[in-house]
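Enquirer: So the sequences go chain by chain: A and B. Note that this note's numbering has the first sequence beginning at 1, numbered continuously upward. Note that this note's numbering has the second sequence beginning at 1, numbered continuously upward.
To be clear, the hints were calculated from the coordinates, so they are not data collected in a lab. It cannot be assumed that every hint is accurate.
To be verified - Restraint-style ranges between C-beta atoms, simulated for each label pair:
1) Ser9/B / Ser84/A: 41 to 49 angstroms
2) Thr80/B / Leu7/A: 36 to 44 angstroms
3) Ser3/A / Gln107/B: 35 to 43 angstroms
4) Leu26/B / Arg108/A: 40 to 48 angstroms
5) Thr57/B / Gln45/A: 42 to 50 angstroms
6) Glu63/B / Ser105/A: 18 to 26 angstroms
Claimed, not checked - With a cut-off of at most 25 angstroms between alpha-carbon atoms, the simulated DSS-like pairs for lysine-lysine come out as follows:
7) Lys55/B / Lys41/B
8) Lys100/A / Lys55/B
9) Lys49/A / Lys41/B
10) Lys55/B / Lys14/B
11) Lys100/A / Lys20/B
Quick reminder that beta carbons are idealized off the backbone N, C-alpha and C, glycines included.
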Amino acid sequence: AQSVTQLGSHVSVSEGALVLLRCNYSSSVPPYLFWYVQYPNQGLQLLLKYTTGATLVKGINGFEAEFKKSETSFHLTKPSAHMSDAAEYFCAVMYSSASKIIFGSGTRLSIRP
Amino acid sequence: GAVVSQHPSWVICKSGTSVKIECRSLDFQATTMFWYRQFPKQSLMLMATSNEGSKATYEQGVEKDKFLINHASLTLSTLTVTSAHPEDSSFYICSALMETTEAFFGQGTRLTVV
């Protein structure tokens with residue numbers, strides 16, 4: 001079955017440290033890939049997406065992600081964490097254009113002062 | 001980015017009553033909209049895909065007679081929770097698809113059934 005897996009339900013890093021949130025998908029055909037952020041009791045905001053072209057994708061708030069077909073991964077990184085980055089992060093996939101978006105289980109990012 | 005407005009942001013209703021949630025794309029037309037349900041500290045579970053002018057496609061396990069979805073125009077989709085019960089209490093989020101790979105989300109509706 002097609003799915004998306006996020007390793008680590010909770011990640012805690014110090015302010016200024018590297019942020020790495022992991023995402024793997026299962027599919028023989030590379031899907032469209034997304035990272036969203038959700039703050040408490042709010043909807044989702046798109047951080048970045050990969051559709052075609054360059055495999056390193058830059059998003060908002062200093063985040064970026066790299067699509068690695070050989071590893072079926074789309075990990076999210078940020079060089080230096082900020083307190084305002086504390087939120088829930090969701091990796092998501094779309095297996096064909098205009099089709100449904102399937103979400104991973106989410107990773108809660110905490111930032112230590 | 002594009003704006004999707006979801007209304008109401010929160011609602012409390014009595015058990016047995018029905019509640020309607022609206023999802024509007026304010027500055028673009030959305031042929032396809034999605035409805036999700038989110039339990040506390042969990043991910044978004046897709047309930048149904050709503051296409052303008054046609055019947056919604058429900059995910060397995062979602063009761064179509066309980067969760068009525070209407071997508072009568074390119075800017076509005078509604079979700080009606082019929083005969084609501086406490087177990088229907090949840091956070092409901094809609095999403096509107098602009099173009100083929102750009103999805104924008106509403107701010108969510110917190111439903112509490114008492």
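Enquirer: Which hints, by number, does the structure contradict?
Expert: Violated: hints 1, 3, 4, 5, 7, 10.
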